[in-house]
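Enquirer: Sequence:
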Amino acid sequence: MSLGPRSRLRKENVDGVIVVSFTDTKIVAEDQIQEVGEELYALVEDSTKKKILLNFGNVQYCSSTVLGKLVSLKRRVDAAKGKLKLCCIHPDLLVPFKLTGLDKVFEIHAEEQAALNKY
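Just so we're aligned, residue 0 is where the sequence shown starts under numbering that gives the first Met the number 0, counting upward by one.
To be clear, the hints were calculated from the coordinates, so they are not data collected in a lab. Backbone N, C-alpha and C define an ideal beta-carbon position, used for all residues, glycine too. Hints are not guaranteed to be accurate.
Once the Cα atoms are required to be at most 25 Å apart in a straight line, the calculated DSS-like pairs of lysine-lysine come out as [claimed, not checked]:
| hint | residue 1 | residue 2 |
| --- | --- | --- |
| 1 | Lys-10 | Lys-80 |
| 2 | Lys-50 | Lys-82 |
| 3 | Lys-97 | Lys-50 |
| 4 | Lys-50 | Lys-80 |
| 5 | Lys-50 | Lys-73 |
| 6 | Lys-10 | Lys-73 |
| 7 | Lys-80 | Lys-25 |
| 8 | Lys-68 | Lys-49 |
| 9 | Lys-117 | Lys-50 |
| 10 | Lys-50 | Lys-103 |
| 11 | Lys-103 | Lys-80 |
| 12 | Lys-103 | Lys-25 |
| 13 | Lys-82 | Lys-97 |
| 14 | Lys-50 | Lys-10 |
| 15 | Lys-117 | Lys-80 |
| 16 | Lys-68 | Lys-117 |
| 17 | Lys-49 | Lys-80 |
| 18 | Lys-80 | Lys-68 |
| 19 | Lys-117 | Lys-49 |
| 20 | Lys-82 | Lys-49 |
| 21 | Lys-68 | Lys-50 |
| 22 | Lys-82 | Lys-103 |
Pairwise CB distance ranges, derived in the manner of DEER restraints [to be verified]:
| hint | residue 1 | residue 2 | range |
| --- | --- | --- | --- |
| 23 | Ala-28 | Lys-82 | 28 to 36 Å |
| 24 | Arg-5 | Asn-116 | 27 to 35 Å |
| 25 | Ser-62 | Val-104 | 34 to 42 Å |
| 26 | Lys-117 | Lys-10 | 16 to 24 Å |
| 27 | Glu-11 | Leu-98 | 27 to 35 Å |
| 28 | Lys-97 | Asp-14 | 13 to 21 Å |
| 29 | Lys-103 | Arg-5 | 30 to 38 Å |
| 30 | Asp-91 | Glu-44 | 28 to 36 Å |
| 31 | Thr-47 | Asp-91 | 33 to 41 Å |
| 32 | Arg-74 | Leu-98 | 15 to 23 Å |
| 33 | Val-13 | Tyr-40 | 15 to 23 Å |
Please construct the entire structure, taking both the sequences and the accompanying hints into account.
Expert: If you want it as C-alpha cells, here you go:
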C-alpha cells in the first residue's frame, strides 16, 4: 500500500496564521523545488488561508530557483489580498536575498514569534 509522496512542508495554524516549516535542510533538486512550489501555491488557493509565515529555521541551503518560487508565491498572496512573511533565515541564506534586493521585497524576521506579532 503506497502512502503517496511525503509533504515537504509542515503546516501549523497559529492564531489564524499558517506557519509553514520546511522538512528538508537543503532545497536544491529541481523536482524538490517544484514540489515545494506546488505545496506553497496550494496554500494560497485555499481562500481561508490568507496569512502565511514561512519559517526557514530548518533550511541550511537552497537553490536560487527557490527565490523565484518565493517571488511567484508573494505575487499570488498579494493578489489574494493576503500577507506573506519569512522568518528564521540562516545568515548564509540571507546573502542572496540581500544581493538581489529581495530583503526589501519580503518582510523578514529573525524569530517566528516576532513575525507572528506583526500580523
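Enquirer: Need the status of pair Lys-82, Lys-103: alpha-carbon distance at most 25 Å?
Expert: holds (15 Å)
Enquirer: Do the beta carbons of Ala-28 and Lys-82 sit within 28 to 36 Å of each other?
Expert: holds (29 Å)
Enquirer: Compare the distance between the alpha carbons of Lys-10 and Lys-73 with 25 Å, and conclude whether the hinted pair is satisfied.
Expert: Holds: Lys-10 and Lys-73 sit about 18 Å apart, inside 25 Å.
Enquirer: Assess, step by step, whether the Cα of Lys-82 is no farther than 25 Å from the Cα of Lys-97, and give holds or violated.
Expert: Judged against 25 Å, a Cα distance of about 21 Å means the pair holds.
Enquirer: Could you say whether the range 27 to 35 Å given as a hint is met by the Cβ separation of Glu-11 and Leu-98?
Expert: holds (31 Å)
Enquirer: Tell me if the straight-line CA distance from Lys-50 to Lys-82 falls inside 25 Å.
Expert: holds (5 Å)
Enquirer: Confirm or reject the claim that Lys-117 and Lys-10 have a C-beta distance inside 16 to 24 Å.
Expert: holds (19 Å)
Enquirer: Does the Cβ-Cβ separation between Ser-62 and Val-104 fall within 34 to 42 Å?
Expert: Violated, since Ser-62 and Val-104 (Cβ atoms, about 18 Å apart) do not stay within the stated range.
Enquirer: Assess, step by step, whether the Cα of Lys-68 is no farther than 25 Å from the Cα of Lys-49, and give holds or violated.
Expert: Distance of about 18 Å is within 25 Å: holds.
Enquirer: Would you mind confirming whether the straight-line C-alpha gap from Lys-82 to Lys-49 stays at or under 25 Å?
Expert: holds (6 Å)
Enquirer: Measure nothing beyond the straight line between the CA atoms of Lys-103 and Lys-25; if it is 25 Å or shorter, mark the hint as holding.
Expert: holds (24 Å)
Enquirer: Quickly compare the C-alpha distance for Lys-80 and Lys-25 to 25 Å and report which way the hint goes.
Expert: Violated: Lys-80 and Lys-25 sit about 30 Å apart, past 25 Å.
The earlier numbered hints that this structure contradicts are 7, 25 and 28.
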